Amino acid sequence: MNNIKKFFFSNVRELSLILVIIFISIFVQFRSGGNFLTSENIRDLFTESAILAILSVGMMMVIITAGIDLSIGAVMALAGMIGTTLLKNNQALSPIIIILVAILVGTVCGMINGVLVSRLRILPIIATLGMMNVFRGITYIVSGGGWVLQNNMSQAFLGVATGSILGINNLVAIAILIYVIGYIFLNYTRTGRQIYAVGNSEESAMVSGIKTKKILWLSYTLMGAIAGLAGILYVCKFAAAQGETAVGYEMNVIAACVLGGVSISGGMGRVQGVLLGALMLGILNNAMPLINVSVFWQEAVRGLIILLSVISNAIIQRNVEVKALRRRNI
Amino acid sequence: MSEYILELRGITKIFPGVKALDNVHFQLKEGEIHALMGENGAGKSTFIKVITGVHEPEEGEIFLNGKKVVFKNPKEAQKMSIAAIYQHGTAYQHLSVTENIFMGHEELYKTGILNWKKMHADARKLLRELGSDIDPKTNMGHLTVAEQQIVEIAKAISTNARIIIMDEPTAALSKRECEQLYKITEKLRDDGCSIIFISHRFEDMYRLASRVTVFRDAKYIGTWGVNEISNDVLISKMVGREITQIYPKQKVDFGEEIFRVEGLSKVGYYKDVSFSLRKGEILAMTGLVGAGRTEVCHGIFGIETLDEGKIYLEGKEVKIKSPLDAMNAGIGYLPEDRQKQGLILDWSICDNITLATLEKFTKGTIINRKKERAKAKELAEMVKTKALSVFDKANSLSGGNQQKIIVAKLLNSDLKVVILDEPTKGVDVGAKAQIYEIMSKLAAQGYGVIMISSEMPEVLGMADTILVMKEGRVSKIFENASEVTQEQILEAAMNIG
Amino acid sequence: MAEQVMKSDGTRIVASERGFSFKRFILQWEWMLVLMLVIVNIINISFSPNYANFTNVMNAMRDFLDKAIVVFPMAFVIMLGEIDISVASIMALSSVIMGVCFKSGIPMGTAIIIALLVGTACGFINGIILVKFKQLSSMIVTLATQIIFRGIASILLETNSVGGFPSWFNQFGWGKVGSVPIILIFCIVEGLFFAYLLHFTKFGRRTYAMGNSVTVSRFSGIKTDKIKLIIFTVTGLMSAVAAVFLASKMGSVRPDVAKGYELDIIAMVVLGGVSSAGGKGNILGTVLSILVIGLLRYGLGLINVQSQIIMVIVGALLIIAVAIPNLKSSIGRPEFLKSFIKKTPAKN
Numbered sequence: 001m002n003n004i005k006k007f008f009f010s011n012v013r014e015l016s017l018i019l020v021i022i023f024i025s026i027f028v029q030f031r032s033g034g035n036f037l038t039s040e041n042i043r044d045l046f047t048e049s050a051i052l053a054i055l056s057v058g059m060m061m062v063i064i065t066a067g068i069d070l071s072i073g074a075v076m077a078l079a080g081m082i083g084t085t086l087l088k089n090n091q092a093l094s095p096i097i098i099i100l101v102a103i104l105v106g107t108v109c110g111m112i113n114g115v116l117v118s119r120l121r122i123l124p125i126i127a128t129l130g131m132m133n134v135f136r137g138i139t140y141i142v143s144g145g146g147w148v149l150q151n152n153m154s155q156a157f158l159g160v161a162t163g164s165i166l167g168i169n170n171l172v173a174i175a176i177l178i179y180v181i182g183y184i185f186l187n188y189t190r191t192g193r194q195i196y197a198v199g200n201s202e203e204s205a206m207v208s209g210i211k212t213k214k215i216l217w218l219s220y221t222l223m224g225a226i227a228g229l230a231g232i233l234y235v236c237k238f239a240a241a242q243g244e245t246a247v248g249y250e251m252n253v254i255a256a257c258v259l260g261g262v263s264i265s266g267g268m269g270r271v272q273g274v275l276l277g278a279l280m281l282g283i284l285n286n287a288m289p290l291i292n293v294s295v296f297w298q299e300a301v302r303g304l305i306i307l308l309s310v311i312s313n314a315i316i317q318r319n320v321e322v323k324a325l326r327r328r329n330i
Numbered sequence: 001m002s003e004y005i006l007e008l009r010g011i012t013k014i015f016p017g018v019k020a021l022d023n024v025h026f027q028l029k030e031g032e033i034h035a036l037m038g039e040n041g042a043g044k045s046t047f048i049k050v051i052t053g054v055h056e057p058e059e060g061e062i063f064l065n066g067k068k069v070v071f072k073n074p075k076e077a078q079k080m081s082i083a084a085i086y087q088h089g090t091a092y093q094h095l096s097v098t099e100n101i102f103m104g105h106e107e108l109y110k111t112g113i114l115n116w117k118k119m120h121a122d123a124r125k126l127l128r129e130l131g132s133d134i135d136p137k138t139n140m141g142h143l144t145v146a147e148q149q150i151v152e153i154a155k156a157i158s159t160n161a162r163i164i165i166m167d168e169p170t171a172a173l174s175k176r177e178c179e180q181l182y183k184i185t186e187k188l189r190d191d192g193c194s195i196i197f198i199s200h201r202f203e204d205m206y207r208l209a210s211r212v213t214v215f216r217d218a219k220y221i222g223t224w225g226v227n228e229i230s231n232d233v234l235i236s237k238m239v240g241r242e243i244t245q246i247y248p249k250q251k252v253d254f255g256e257e258i259f260r261v262e263g264l265s266k267v268g269y270y271k272d273v274s275f276s277l278r279k280g281e282i283l284a285m286t287g288l289v290g291a292g293r294t295e296v297c298h299g300i301f302g303i304e305t306l307d308e309g310k311i312y313l314e315g316k317e318v319k320i321k322s323p324l325d326a327m328n329a330g331i332g333y334l335p336e337d338r339q340k341q342g343l344i345l346d347w348s349i350c351d352n353i354t355l356a357t358l359e360k361f362t363k364g365t366i367i368n369r370k371k372e373r374a375k376a377k378e379l380a381e382m383v384k385t386k387a388l389s390v391f392d393k394a395n396s397l398s399g400g401n402q403q404k405i406i407v408a409k410l411l412n413s414d415l416k417v418v419i420l421d422e423p424t425k426g427v428d429v430g431a432k433a434q435i436y437e438i439m440s441k442l443a444a445q446g447y448g449v450i451m452i453s454s455e456m457p458e459v460l461g462m463a464d465t466i467l468v469m470k471e472g473r474v475s476k477i478f479e480n481a482s483e484v485t486q487e488q489i490l491e492a493a494m495n496i497g
Numbered sequence: 001m002a003e004q005v006m007k008s009d010g011t012r013i014v015a016s017e018r019g020f021s022f023k024r025f026i027l028q029w030e031w032m033l034v035l036m037l038v039i040v041n042i043i044n045i046s047f048s049p050n051y052a053n054f055t056n057v058m059n060a061m062r063d064f065l066d067k068a069i070v071v072f073p074m075a076f077v078i079m080l081g082e083i084d085i086s087v088a089s090i091m092a093l094s095s096v097i098m099g100v101c102f103k104s105g106i107p108m109g110t111a112i113i114i115a116l117l118v119g120t121a122c123g124f125i126n127g128i129i130l131v132k133f134k135q136l137s138s139m140i141v142t143l144a145t146q147i148i149f150r151g152i153a154s155i156l157l158e159t160n161s162v163g164g165f166p167s168w169f170n171q172f173g174w175g176k177v178g179s180v181p182i183i184l185i186f187c188i189v190e191g192l193f194f195a196y197l198l199h200f201t202k203f204g205r206r207t208y209a210m211g212n213s214v215t216v217s218r219f220s221g222i223k224t225d226k227i228k229l230i231i232f233t234v235t236g237l238m239s240a241v242a243a244v245f246l247a248s249k250m251g252s253v254r255p256d257v258a259k260g261y262e263l264d265i266i267a268m269v270v271l272g273g274v275s276s277a278g279g280k281g282n283i284l285g286t287v288l289s290i291l292v293i294g295l296l297r298y299g300l301g302l303i304n305v306q307s308q309i310i311m312v313i314v315g316a317l318l319i320i321a322v323a324i325p326n327l328k329s330s331i332g333r334p335e336f337l338k339s340f341i342k343k344t345p346a347k348n
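Protein chains in written order, with this note's numbering: chain A, 1 to 330; chain B, 1 to 497; chain C, 1 to 348.
These aren't lab readings, by the way, just hints derived from the structure by calculation. If you're wondering where the values come from, they're calculated on a predicted model, not measured in any experiment. Treat the hints with care, as some may be off.
[What the hints assert, rightly or not] List time: in silico DSS-like cross-link candidates among lysine-lysine, alpha-carbon distance up to 30 Å:
#: 1; chain 1: C; residue 1: Lys280; chain 2: B; residue 2: Lys393
#: 2; chain 1: A; residue 1: Lys5; chain 2: B; residue 2: Lys310
#: 3; chain 1: A; residue 1: Lys323; chain 2: C; residue 2: Lys202
#: 4; chain 1: B; residue 1: Lys316; chain 2: C; residue 2: Lys223
#: 5; chain 1: B; residue 1: Lys371; chain 2: A; residue 2: Lys6
#: 6; chain 1: B; residue 1: Lys68; chain 2: B; residue 2: Lys219
#: 7; chain 1: B; residue 1: Lys340; chain 2: B; residue 2: Lys271
#: 8; chain 1: B; residue 1: Lys219; chain 2: B; residue 2: Lys316
#: 9; chain 1: B; residue 1: Lys110; chain 2: A; residue 2: Lys214
#: 10; chain 1: B; residue 1: Lys125; chain 2: A; residue 2: Lys6
#: 11; chain 1: B; residue 1: Lys476; chain 2: B; residue 2: Lys251
#: 12; chain 1: B; residue 1: Lys340; chain 2: C; residue 2: Lys259
#: 13; chain 1: B; residue 1: Lys340; chain 2: A; residue 2: Lys323
#: 14; chain 1: C; residue 1: Lys132; chain 2: B; residue 2: Lys370
#: 15; chain 1: B; residue 1: Lys271; chain 2: B; residue 2: Lys219
#: 16; chain 1: B; residue 1: Lys370; chain 2: B; residue 2: Lys310
#: 17; chain 1: A; residue 1: Lys5; chain 2: C; residue 2: Lys223
#: 18; chain 1: B; residue 1: Lys251; chain 2: B; residue 2: Lys219
#: 19; chain 1: C; residue 1: Lys202; chain 2: B; residue 2: Lys416
#: 20; chain 1: C; residue 1: Lys280; chain 2: B; residue 2: Lys310
#: 21; chain 1: A; residue 1: Lys5; chain 2: B; residue 2: Lys125
#: 22; chain 1: A; residue 1: Lys214; chain 2: B; residue 2: Lys79
#: 23; chain 1: C; residue 1: Lys134; chain 2: B; residue 2: Lys271
#: 24; chain 1: B; residue 1: Lys249; chain 2: B; residue 2: Lys321
#: 25; chain 1: A; residue 1: Lys323; chain 2: B; residue 2: Lys319
#: 26; chain 1: B; residue 1: Lys118; chain 2: A; residue 2: Lys323
#: 27; chain 1: B; residue 1: Lys386; chain 2: C; residue 2: Lys134
#: 28; chain 1: B; residue 1: Lys360; chain 2: B; residue 2: Lys271
#: 29; chain 1: B; residue 1: Lys271; chain 2: B; residue 2: Lys251
#: 30; chain 1: C; residue 1: Lys223; chain 2: B; residue 2: Lys360
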């Protein structure tokens, strides 16, 4: 009994998210006349959410260090653009190489962010805001203002987003892989735990001999690599790369993290929570058209849900504290 | 083999503009508890950081078991079996106890994967050995300060430390918790650890240490056996001058009642607190840490709302919903944590002093800077601040002078009642005496003074009336402080029977 | 009196006046901005002969000053240690509502007032949420309201736009008094007002105090909630004012108007030396940084530099500007260079 209670309290965030997801699913299922929980739609839903979910893991690491990365939308555009430009000039290139190039581009971008934050001690929000401009500008310069469209992309490359492994869409498979790696990395490796340590208290981390600057740098670099990967998958999925690719996407990713219980002040956040947060956003995007919510309503509804979620979280937390105080029985 | 397990010779550490340590020596024998004492700013904290490899000294040598060593970073010191428990909790609040213990030297499987199972089990075992049944899976942030300290000690042991440095471990502990800490410390010594124990409390030193070393103004003053040196001599070594009378209490005839509270309650913190105060009276609120003293005063000052209760000033009831209401009514509060609650450290003395009373310097909406500075100068001199000008930043001042600035800030409001929350905590002996002097002057001028304090000598030395709190309630009020003994207060504060 | 104090117990006199210190004067961040401004102007003049033409400069001002209107209140927000990402969305929502009102037959004057009220209300909503739920960070709250406000704008107008405003309305964006644009006059008045507010009044001092420490401010009897609420509300109001100017300049309103403005505005504030860690900065700095970024854009535009390259330059400028003070303090220590070469953590 005690163990169940403990489990409940330590996973309250995830459990309530699951509850909300179930509730929304049932509601949408009835309203849409059974069009929501079909195997086809569920597959769509996962495919649609995959890229967001991949990015959320990276963003979570950065937020755990009490940072933020606003440049990821731009990094995605840059990586996608460089990757597809290569492809445009040489159709025979293997998709694997294109993806690796994109990851490399992302990694370099992430390294730059990392140096700015860890070595030059620029506030993350400012550093990544500035670099967002720089990366986005470079994307335009690389593309010369043009687009890389479907007819410039090889079938093999386009197949990355549409193909599947073992009946699972490639994008979803990649997301699953990233989550498994992310889970192990953050919970079962020394470096992963050091990210939490730095987020909890940089000073103590230094005192316990953790190379805090390296850890900070590493988390931005990993974020960059993930953004590079997500960027190429994004242009692959939409079969178009342009200067405006993924504008404002960082806000979605941050929203997924916040929904998933990652604390903006650092030190707190779990892979499983973030996965649910990303799924939740994905479900909203997927479900609203099904129940005939006009496309123009979707933005506002999404914003409202994020806002209500953080507010209700704050209220729950407050109530828990008040209850704990009442138990003190003075 | 050297006689000393750890020896430091001629250590000098320079920070931009300051010599934090100036040719300092220190010798630690194997298996001893060695007290390190000195005023704030004497260089103790820097000294520890040199030993633990956080700072590299500019000059000087460190010998471990007679062999010269150089620590480039904390990890290297850790490898040499040196561990420190710092004054300000260095805990990771959102991480588990286990993780706090093993951070930096985790148990791994051969694959490089963390072995949580073993770490949890080891953590539990370590804590049991220290006589504690804390669940290693709890978040550090959910523990009390005393429990966190035990975890820190467990951490030190888990690194196989032979030399353990404790930086003011008793500062935030209650009497009973201190006793537990003493026992653990003695056990560590009996197991063969050598311990450097830093404290402001003489009690700690007499209870535990065999030798004591004193630093003053970044310099080494001397080392003595604890039994060879008297209290007075030790104080004079720390301060550099004899302190004749530390409690300058003036005889004051009390006026009429100025302040009264009835039935103050707040769920989870305190219940049914009532007391009254006359003009010129100093009322000390004491009790164990966590008994609710600070919380009651926060309620009176409007920082937190009261659930129930009435506050009367000069016989009239006042409604207090915010600190501004309290200040307008004539109640001032000197907060417990002067760095986080009292002062804007980046600001000048002048701006700090006038922050709460800007109305007094404004004409229309514009602040009159000249008037502001003149007043700040007057007040800063009144409380005898040691500073070059009112433009000096607050963080360039010593703890005692910072405290004086906050007192000056209070005095600029038109107050009737001042609440001083641990006014001498972390303040060096010299400044302490000056703060007591200000306190008794205030009383003589007809203020009602409430002093929260955990230090028994200061309570007995300064108070007219002593209010003891226990677990959120008023346990006892001693009307005539001069006839009270420490034992009586302790009895009221502790849960006996 | 003072000397007596000193003689009796050795306490030093506390001085209340200080002389002029050249070092303190020259080490101000504003000089850096002045230098940048000079460099920008030299570059511009040497590349384009038409640059130093009064009319041209005045026209350029018209282009970037709509952002400047929001820069001043944003400086207050950032000085508090907070941030408001929703300003551009507030601009969109208030201008869209103005357009919708106008279309439904409400007189333009009333529509403008409604727009200003809407902006104020949006700012108030941000503020009240932050005040009521203190553990929420302003970044998250305004991130959410950013989506909501723009979302409502697109519910109202979908992908349509509203135009055909009366001709007098165009005066806001295009009008001039003599040869000075109305928007410039407005910005000067606004800048003076905010400078007065920040540097001479209790409100300004308290804002600085809160940026340094909310706790200390509360213990000092400052109504911190009230100040925060006012600042966010005023930011909403000024966003709506900027929206009116922008709508006038463009002649129509659309839900996707002013997208991404928030980032430019924040960049201007930060470049101006306002610390996003709170508690530092002044209005002069923000004015200079508006001019640096604005004139740089204008000058590079004259010589046909692509706007994308300008984007890169502005981003890099922002980072360099913020990095310089940090470099200055860390380069002095040998550890700084060592930390790049060796892998030992630099010690503080």
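Checked hints:
1. Between C/Lys280 and B/Lys393 the CA atoms are separated by roughly 15 Å; this keeps the pair inside 30 Å, and the hint holds.
2. Taking the CA atoms of A/Lys5 and B/Lys310, the gap is about 40 Å. The hint is violated against a cut of 30 Å.
3. Our distance criterion of 30 Å between C-alpha atoms is broken by A/Lys323 and C/Lys202, whose separation comes to about 40 Å.
4. For the hint pairing B/Lys316 with C/Lys223, the CA-to-CA distance comes to about 24 Å; that is within 30 Å, so the pair holds.
5. Annotation: proposed proximity of B/Lys371 to A/Lys6 is violated, straight-line Cα distance about 60 Å (limit 30 Å).
6. Of the supplied pair hints, the one linking B/Lys68 and B/Lys219 holds, its CA atoms being roughly 22 Å apart against a limit of 30 Å.
7. For the hint pairing B/Lys340 with B/Lys271, the CA-to-CA distance comes to about 27 Å; that is within 30 Å, so the pair holds.
8. For the hint linking B/Lys219 to B/Lys316, the alpha-carbon distance of about 55 Å lies beyond 30 Å, and the restraint is violated.
9. Using a Cα cut-off of 30 Å, the hinted pair B/Lys110 and A/Lys214 holds, with the two alpha carbons roughly 24 Å apart.
10. Between B/Lys125 and A/Lys6, the direct Cα distance comes to roughly 21 Å. Compliance with the 30 Å bound is thereby established for this hinted pair.
11. As the CA atoms of B/Lys476 and B/Lys251 are separated by approximately 24 Å, the hinted pair is consistent with the 30 Å bound.
12. Annotation: proposed proximity of B/Lys340 to C/Lys259 is violated, straight-line Cα distance about 39 Å (limit 30 Å).
13. Restraint check for B/Lys340 and A/Lys323: satisfied, since their Cα atoms lie roughly 27 Å apart, inside the 30 Å limit.
14. Our distance criterion of 30 Å between C-alpha atoms is broken by C/Lys132 and B/Lys370, whose separation comes to about 38 Å.
15. Taking the CA atoms of B/Lys271 and B/Lys219, the gap is about 49 Å. The hint is violated against a cut of 30 Å.
16. For a cut-off of 30 Å, the pair hint linking B/Lys370 to B/Lys310 is broken: about 41 Å separates their Cα positions.
17. Our distance criterion of 30 Å between C-alpha atoms is broken by A/Lys5 and C/Lys223, whose separation comes to about 41 Å.
18. With a C-alpha separation of about 39 Å, the suggested pair B/Lys251 and B/Lys219 falls outside the 30 Å cut-off, and the hint is violated.
19. Simply put, C/Lys202 and B/Lys416 have alpha-carbon atoms about 25 Å apart, close enough for the 30 Å limit, and the pair holds.
20. Of the pairs offered as hints, the one joining C/Lys280 and B/Lys310 is violated, with about 41 Å between alpha carbons and a cut-off of 30 Å exceeded.
21. A C-alpha spacing of about 24 Å is found between A/Lys5 and B/Lys125, which places the hinted pair at or below 30 Å, so the restraint holds.
22. For the given pair, A/Lys214 sits about 21 Å from B/Lys79 by alpha-carbon distance, which is consistent with the 30 Å threshold.
23. As the CA atoms of C/Lys134 and B/Lys271 are separated by approximately 26 Å, the hinted pair is consistent with the 30 Å bound.
24. Taking the CA atoms of B/Lys249 and B/Lys321, the gap is near 34 Å; set against the 30 Å cutoff, the hint is violated.
25. Distance hint between A/Lys323 and B/Lys319 is fulfilled; the C-alpha atoms sit about 27 Å from each other, no more than 30 Å.
26. Between B/Lys118 and A/Lys323 the alpha-carbon distance is near 34 Å, which puts this suggested pair outside the 30 Å criterion.
27. Between the alpha carbons of B/Lys386 and C/Lys134 the distance comes to roughly 38 Å, so the proposed pair goes past 30 Å and is violated.
28. Restraint check for B/Lys360 and B/Lys271: not satisfied, since their Cα atoms lie roughly 37 Å apart, outside the 30 Å limit.
29. Taking the CA atoms of B/Lys271 and B/Lys251, the gap is about 33 Å. The hint is violated against a cut of 30 Å.
30. For the hint linking C/Lys223 to B/Lys360, the alpha-carbon distance of about 17 Å falls within 30 Å, and the restraint holds.
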